[in-house]
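Participant: Here's the letter readout for the chains.
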Amino acid sequence: MPLLKNNEFVADHFIEVADDMGLPSAGNVLISSSRITEAAALNLGIGIRLNNTDKVEALVANFPQITLIVLPFPAFSDGRSYSIGRQLRLEGYRGELRAEGNILPDQLQLMLQVGFDSFLVTERFPLAAWQAASQQMSLAYQRGLYRNQETEVWSSRHQGFNAWEEQPHAG
Amino acid sequence: MYRYDEFDAQFVAERTAQFRDQANRRLSGALTEDEFRPLRLMNGLYLQLHAYMLRVAIPYGTFSGKQMHQLAMIADKYDRGYGHFTTRQNIQYNWIKLEDTADILQALADVEMHAIQTSGNCIRNVTTDHWAGAAADEIADPRPVGELIRQWSSLHPEFSYLPRKFKIAITGAPTDRAAVRVHDIGLRLHKNLAGQNGWEVMVGGGQGRTPLIAVTVRDFLPENELIGYLEAIMRVYNLYGRRDNKYKARIKILVHEIGAEKFRAEVEAEYAKHPAQQTQVEEAELARIAKYFAAPDFETLPRMSNRLDMARLANPDFKRWTKNNLAAHFKDGYAIVNISLKPVGGIPGDATSEQMRVMADLAKTYSFDELRVSHAQNIVLPHVKLDDVFAVWQKLSEHDLAAANYGLAGDIIACPGLDYCSLATARAIPIAQAISRKFADVDVQENYGALKINISGCINACGHHHVGHIGILGLDKKGEEYYQITLGGSSSENASIGNILGPGFAAHEVPEAIENILSTYVKLRQGKAEDFLSAYRRLGAKPFKEALYAAA
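Chains Z and F, in that order, are what the protein sequence lines are. The numbering used here applies: residue 1 is where the first sequence begins, and numbers increase by one. The numbering used here applies: residue 1001 is where the second sequence begins, and numbers increase by one.
Treat the hints as calculated values from the structure; they're not laboratory data. All C-beta atoms in this analysis are idealised placements derived from N, C-alpha and C, irrespective of residue type, glycine included. Do not rely on the hints blindly, as some may be mistaken.
Stated by the list, open to error - Here are the simulated DSSO-like cross-link-like pairs (lysine-lysine), alpha carbons at most 27 angstroms apart as the crow flies: (1) Lys1262/F / Lys55/Z; (2) Lys1165/F / Lys55/Z; (3) Lys1077/F / Lys1191/F.
Claimed, not checked - Among the chain Z residues that face chain F by a calculated CB cut under 10 angstroms, a handful are: (4) Leu50; (5) Asn52; (6) Asn62; (7) Pro64; (8) Gly101; (9) Leu104; (10) Arg124; (11) Ala129; (12) Ser155; (13) Ser156; (14) Arg157.
Working from the sequences, and respecting the hints, build out all of it.
Facilitator: Have a look at this one:
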């Protein structure tokens, strides 16, 4: 399945390691959160897969060690991971945030705005469809979200006020 | 009235272009119907029994003569010359072609309208008091906050794929005409002792197959915190609302299952994590919007109008209509004119394109170019000079728009039912028509007094039967339509869910059953001052049950 990042299909540098398998001595691994300490001791790049029922709070202390969090979209109508992604960003997570599962191009821009920056997508749609979808709207009303090329309407109408909350972009 | 600035105009234009592209992809086969469905729904396009149905938002129920003219144009050019005003301050067109939809959205955008989020599992058109900005009992006009919420909720990246649809209603008056306690979120304005305005935030009301009254989670939320607090509620719902069963996916079920206290604690904990302290932008935006809703340029007039009084004396039909269809305006010399879209035997909420144009022109000439649509499926001219009321009525009379039954037995709410809707289990419109004909005599209706008869064609309750003083629910039993009657519902500030009276009735038996209930009420009431709902609350169901089922 292609991995979409910054509007291009790129190689996935993470290797998924099942709980009953040993960790490699180098590289980036996608593991369950119970193995963070073990992987950190080996100086591995650490990626974590969350369920869309997991609580963000449990992971906050580990943010400095984590470089990838993967959130699932079991159906394109299941929007829980939008809120979990936003919570992760609000809690200060700045690593890669990956969406995986049933994703339609028409949802891409919404996901970018809540803070996702990579997408494991199906081969059903060509790259051009994803690229076009990433900038369907040039405006957004809400504040406090990740903005790529979108103009924030309220902030543009009323300048010189404080931002809702600081939102530095991910690496 | 609110006017789009360049941002709003561009936003709707881009959204229209986006939909045109999506529709083209569907027509070319690049998108499957399953993939297209959530996209079209978020633009108000349903696939119904006979055709596509397009639902157009009339945000907080306010629109101009020019916009009504455009709605009439759309009815003529793309539909069959009429439209259906709904209980959620929308208008629906029932005979739409997919190929035309993008052009219709463009025609709407031309007059600063859209169909964004009139469907789908997202935040729907925000509704409010149809007398907002005109009512004599209002604390403040709720429409600026309605517009603020419209903008904030439009294509909200986090809340576009909720467990289920989400409806917000707002009232700025102590008398609740917006049914806020039966919405997912209801907001009611209060003034505290320091003279500040704040919102009572109610969550988890709703109708459908599990009717529930909303619980108050905040008694008094400072105005500037509203958007931040709404985000906390929406996040809790998006994370924890049930997704395993669409009939249990509304926020009311979550509130009910975990309990009001736990739900409140979850929301407050989420809100406390990210308190929206930097709200200067929201405050400035609300102030910017509020300017558009400044009161129109009213004349200084005497409280009474000789011209009106003379016309009433000379014309009994007019006199009766003024008694039933006018409401008190906060400004001396003006009245709120309620146009009933419920002529005898008519389809509740339907208006022909010609009627739309008549109402649009009346608004332009007599009501500062403003119209409202009410959740009871009527149209309101909010600011009419008492001196002009007779001229307005004459024009309405020429176009079958002068039914004098506002708030009476003939003023029936009904969903489209099995005549149009793919979800319906029974017809609703013919029942409404039959009841309307049964009580065609306004003398009879006036004798029954204030009354809300609400009819739904299925358990989803789009016709608000749970909160009708008399509610009628159409069901299907082995291929036969039958109708369950509930009594004692109310959507007002003393909201309640109606109680099922007993076994259902066949379609042809319903009007007589309603008459039976009303005769029983007349017999038992403590004078005419005790309206039906009060009498029912005093008497309970027993005498009505006996009257209805004694013979059987």
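Participant: Evaluate each hint against the coordinates.
Facilitator: Hint check results:
1. Lys1262/F / Lys55/Z: Satisfied, since the Cα-Cα distance of roughly 17 angstroms is no more than 27 angstroms.
2. Lys1165/F / Lys55/Z: 24 angstroms, holds
3. Lys1077/F / Lys1191/F: With Cα atoms ~47 angstroms apart, lysine 1077/F and lysine 1191/F exceed 27 angstroms; violated.
4. Leu50: 12 angstroms, violated
5. Asn52: 8 angstroms, holds
6. Asn62: Violated - the Cβ of asparagine 62/Z stays beyond 10 angstroms from chain F, reaching only about 18 angstroms at its closest.
7. Pro64: Constraint on proline 64/Z not satisfied, violated at 20 angstroms.
8. Gly101: Violated - the Cβ of glycine 101/Z stays beyond 10 angstroms from chain F, reaching only about 12 angstroms at its closest.
9. Leu104: 6 angstroms, holds
10. Arg124: At 9 angstroms from the nearest chain F Cβ, arginine 124/Z passes the 10 angstroms test, so the hint holds.
11. Ala129: 8 angstroms, holds
12. Ser155: 6 angstroms, holds
13. Ser156: Interface hint status for serine 156/Z: holds (7 angstroms vs cutoff 10 angstroms).
14. Arg157: Since chain F brings a Cβ to about 6 angstroms from arginine 157/Z, closer than 10 angstroms, the hint holds.
Comparing the model with each earlier hint shows violations of hints 3, 4, 6, 7 and 8; every other hint is respected.
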